[in-house]
Amino acid sequence: MNANGMTLNQPVKLTRNQKFWLRVRRNWILHLMMALPMFYYVLFEALPLYGLQIAFRDYSAADGIFDSAWIGLKHYIEFFSDWEWKNIVSNTVAISFYQICAGFPIPIILALVIHINQKKFLKKLTQNVAYIPHFISVIVMVGMLNQIFHPQFGVLAAIYHELGIYTVPDIRYMDTTFRHLYVWSGVWQNMGWSTIIYVAALTGVSHELHEAAKIDGASRWKRVLSVDLPAIMPTISIMLIMRFGSIMSVGYEKVYLMQKSTNIEVSEVISTYVYKVGIAGGRQSFGTAIGLLNSAINSAMVILVNKIAGWLTDGEAGLF
Amino acid sequence: MSNIDEIQIEAENPSNEIAAPVAPVKRMRKANKIQDTRGDKVLEGITTAILVFLLIIVAYPVIYVCSASISSAGALTSGRVVLWPVEPTLSAYKVVLSMDDVLLGYKNTLFYTVVGTIFQMFMQIICAYPISKRNFQGRSVYTKVIVVTMLVSAGMIPMYLVKQSLGLIDNVWAVLVSGLIGSSNVFILRTNFRNSIPGELFDAAAIDGANEFQCLVKIALPLSKATLSVITLYAIVGHWNSYMTAMIYLPARQDLWPLQLFLRNLLISSSNIGASAQEGGGNANASNVAEATEQLRYALIVISTVPILAVYGVVQKYFKTGVMVGSVKG
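Chains as they are written, first to last, in my numbering: chain V, 15 to 334; chain D, -13 to 316.
For the record, the hints were derived by calculation from the structure and aren't laboratory data.
Every residue, glycine too, gets a C-beta built ideally from N, C-alpha and C.
Warning: the hint list may mix true and false statements.
Simulated crosslink set (DSSO-like; lysine-lysine; CA at most 30 Å straight-line) [as the list claims (entries may be wrong)]:
1) D/Lys27 with V/Lys236
2) V/Lys33 with D/Lys119
3) D/Lys204 with D/Lys130
Covered, in the sense of this in silico footprint (three residues per stretch, anywhere, with C-beta under 8 Å from a C-beta of chain V), are these stretches of chain D [said to hold, decoys possible]:
4) 33 to 45
5) 59 to 70
6) 124 to 138
7) 294 to 300
Please construct the entire structure, taking both the sequences and the accompanying hints into account.
In structure tokens, the structure reads:
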């Protein structure tokens, strides 16, 4: 360095490159920790994303992902020229809307009820009991539905018998009851669990606001309307936006289990269709194409609802 | 509404006002406590009613299933079980716990749950810790990778093809590897490491010569027990209850199936599983088989759900703090 005309007291100047590697060396343990997770993300998250291109290829196992022929939008044309698509899409949207209408407000109301009520023991008991169904697996849940609504031995049959009616309808696999069973069993399972986030938000409401309202003479109910509800409004809107982000995806796990030939007309949704066509049926690129369209609509919905939420509340609510 | 309050207080108090000078202090305090208004009392009544209703709706099916599983098959199918067990017997459990499928499924599920949860927690922790460090140079790049893959996911089939090309079909690793890192859990943990632990602790440890690995093991993890236990619970529940992963990736290896997949056959596909219960009894006619099937199914429901509820019971005390860390602070 002296040969370059620098004195020893001057700070050593490092090039950008040297600085970069110095910082890497200083944090090498953190980078090492990140290595395994990043390997996972590349392999099981990024690589499948790259594989999405088979939606526009005629995939065959012999040619592999990258050597199959390009066919453009042929899969989409095929899907939309089939009469089935309207049915599948409308089933998906109908079930999803029903789920939001039934399942979204109930946890909010329950959280408010839990917040308002003063009986500590009853509240604790109800909360803890209401969490239990959340831990029941879908298989067991559908099994329970089948048992309880069994036309011969179930609880429903017992009620019918009590009323003197001996021809009990088998509502388990009827096309008219499928949606109600699906949605309300889901509500039963998750209403308790979903209150957690709202109860947490409600406990965070500032005490000063409540005291000020009390001094102004607000009753408990008035305070719920004017203090508690506005305070949890941001939480509600975020949850609603996220919920709308999955409007086009009804989880296949439970629908698949509840499907029978008698209710397939109303129970076939996009995700079960993708599974049947793509994995069980072996038409991988057709299934991928439908799945891709599905997630594209989901993303569009998030953006749209986020815009609407921001517009309704002058930019206060909204995810991004 | 303020006048209601006043009227209420006045209505309660006139006698006390007169008695006040001579009344003992204790009694005066009690009398001066503001009573609930009529509106508040009505609200309290309505909310109590809703809570009781909720309690009944949730608890009834749960109690009924338990009662049905320990009632006799005859009492169950003739509709005599309403809430509590009738003619209690453990015969259904004896049959269920000697079924080969159930035992094999239990063994496999235990393996997936224990090993899968350990893997998952390990990966999520080493993924969350570095990105919780504000002065870690690669943080934003790594975070972006996680966020992007969280927002757009490829879906079932491309994932299947990737795993197929890695030779993971009909392989235990397919189950252990799927969902190995939950990005939302990583963010919950990151937020916890960053906001709930004072940075001074890490600084002090660094001055004492601790490296990042020691900081993680000796400071970050012990101070995050609540969040860690909740995320562990999520992982355990996820592994215990999943069936689709095994259905997709282990189609030909029945010996590797988890309990839930066997349950699917036993509970939902309508095979008369009661036949195996009747074999020893001798008089296996159709109606006996059907009756026994009902009872066995209730017992299956109970034995497959009780372990996970027990885990929840253990973790429950951390719930208040743990769940809130992830949900509210976000």
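Cross-check of the supplied hints:
no.	hint	in the structure
1	D/Lys27 with V/Lys236	holds, 14 Å
2	V/Lys33 with D/Lys119	holds, 19 Å
3	D/Lys204 with D/Lys130	holds, 28 Å
4	33 to 45	holds (count 10)
5	59 to 70	holds (count 4)
6	124 to 138	holds (count 7)
7	294 to 300	holds (count 3)
The structure fails none of the hints (numbered hints given earlier).
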